[in-house]
Amino acid sequence: MARGLYWRPGSVQPRNQLPDALKREIAPWLWNHDGGGRDGAECQLTEDDIPRLQLLADQKVGGAAGLIAAIRENGNRVVVWVSGPAVPPTADR
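Positions 1499 to 1591 (the numbering used here) are the ones given, in order, by the sequence shown.
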């Protein structure tokens, strides 16, 4: 099966924002940074990631249990990413 290329408007705010505490926990694992000040490419989470997320849910990290539920309710996969407001390019970039 061939893969397709897709787009979405960059100014659209996603509906399902997760808590900052969860971002700080999973950003090092998924993007090798703390989630602050940098965007993170989209990463797919599947049922294979549930045990790691369950550890966070057991530690009462906000959003972890909801993310587990989202994975299970959406065909055992969701996509997560870190994003903020678009910053216009400057002359030195």
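Any given hint could turn out to be false.
Across the chosen pairs, the derived CB separations fall in these ranges [claimed, not checked]:
#1 N1530 - R1570: 34 to 42 Å
#2 D1556 - A1500: 24 to 32 Å
#3 G1502 - R1522: 16 to 24 Å
#4 A1500 - G1564: 32 to 40 Å
#5 D1532 - K1558: 15 to 23 Å
Keep in mind that the hints were calculated from the coordinates and are not lab data.
Cβ atoms here follow ideal geometry from the backbone N, Cα and C, with glycine treated the same way.
For each hint, the structure was consulted:
Remark: the range hint 34 to 42 Å for N1530 to R1570 is contradicted by a beta-carbon distance near 27 Å. Distance hint check for D1556 and A1500: the Cβ-Cβ separation is about 41 Å, which falls outside the suggested range of 24 to 32 Å. Distance hint check for G1502 and R1522: the Cβ-Cβ separation is about 33 Å, which falls outside the suggested range of 16 to 24 Å. Separation of A1500 from G1564 is about 33 Å and conforms to the stated range, judged on CB atoms against 32 to 40 Å.
In this structure the hint that D1532 and K1558 lie 15 to 23 Å apart at CB holds, the actual value being about 20 Å.
The structure fails hints 1, 2, 3 (numbered hints given earlier, in ascending order).
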